[in-house]
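Undergrad: Sequence:
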Amino acid sequence: YVGQTKRHLETRIKEHISDIRKQSVNMSVVSKHRLEDDHEFDWTNVHILHREDHLEKREIAEMVFIKRHNNTLNLQKDTENLPIVYNNILRKTHLSRNA
Numbered sequence: 001y002v003g004q005t006k007r008h009l010e011t012r013i014k015e016h017i018s019d020i021r022k023q024s025v026n027m028s029v030v031s032k033h034r035l036e037d038d039h040e041f042d043w044t045n046v047h048i049l050h051r052e053d054h055l056e057k058r059e060i061a062e063m064v065f066i067k068r069h070n071n072t073l074n075l076q077k078d079t080e081n082l083p084i085v086y087n088n089i090l091r092k093t094h095l096s097r098n099a
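Going by full-length UniProt numbering, the sequence shown opens with residue 1, and the numbers climb by one from there.
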């Protein structure tokens, strides 16, 4: 799962765990996946991929990471606002990595 937040990572993880425990109405994709698929997460093995204070830059970084990693819980609709120029760059870098 790739997600962006301005809060501390530990805070966001606690929110996911709380959503799962309470079975909240407005669950994240992570919480929903845990409940629907009975998939346990290793909450101690979570990594920050990028740090960015500026919201729009953080959102673009999130979309790029989602596009670069096909095996995530993220919905590809989460990347609909990614400017087309990034798609071309990502496709080219993906092709060069697989060559």
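Because the hints were derived from the structure by calculation, they are not lab data.
We put the CB at the ideal spot given by N, CA and C, even for glycine.
Do not rely on the hints blindly, as some may be mistaken.
[Stated by the list, open to error] List of simulated lysine-lysine pairs, BS3-like, C-alpha gap at most 27 Å:
no.	residue 1	residue 2
1	77	6
2	92	32
3	22	6
4	32	77
5	92	77
6	6	57
7	92	14
8	77	57
9	32	14
10	92	57
11	57	22
12	22	32
[To be verified] Label pairs and their in silico Cβ distance ranges:
no.	residue 1	residue 2	range
13	86	18	25 to 35 Å
14	89	38	36 to 46 Å
15	81	48	19 to 29 Å
16	86	9	19 to 29 Å
Undergrad: Has the given pair, residue 32 with residue 14, been kept, meaning a C-alpha gap of at most 27 Å?
TA: 15 Å, holds
Undergrad: Given the hinted pair residue 77 and residue 57, is their alpha-carbon gap at most 27 Å?
TA: Distance ~18 Å between residue 77 and residue 57 Cα, so the pair holds.
Undergrad: Does the beta carbon distance between residue 86 and residue 9 stay inside 19 to 29 Å, or does it fall outside?
TA: At 25 Å between Cβs, range holds.
Undergrad: When you check the alpha-carbon spacing of residue 57 and residue 22, does it fall within 27 Å?
TA: Violated, at roughly 32 Å.
Undergrad: Does the hinted range 19 to 29 Å hold for residue 81 and residue 48 at CB?
TA: 22 Å, holds
Undergrad: Please verify whether residue 92 and residue 14 have alpha carbons no more than 27 Å apart.
TA: Cα-Cα ~37 Å, so violated.
Undergrad: Taken at face value, is the distance from the CA of residue 32 to the CA of residue 92 at most 27 Å?
TA: 33 Å, violated
Undergrad: Assess, step by step, whether the Cα of residue 32 is no farther than 27 Å from the Cα of residue 77, and give holds or violated.
TA: 17 Å, holds
Undergrad: Under the criterion that the straight-line Cα-Cα distance not exceed 27 Å, is the pair residue 92, residue 77 satisfied?
TA: 21 Å, holds
Undergrad: Quickly compare the C-alpha distance for residue 77 and residue 6 to 27 Å and report which way the hint goes.
TA: 21 Å, holds
Undergrad: Below or equal to 27 Å on CA atoms is what counts here, so check residue 22 against residue 6.
TA: 23 Å, holds
Undergrad: Mind checking the alpha carbons of residue 6 and residue 57 for me, to see if they're no more than 27 Å apart?
TA: OK: residue 6 and residue 57 at ~12 Å, within 27 Å.
The structure fails hints 2, 7, 11 (numbered hints given earlier, in ascending order).
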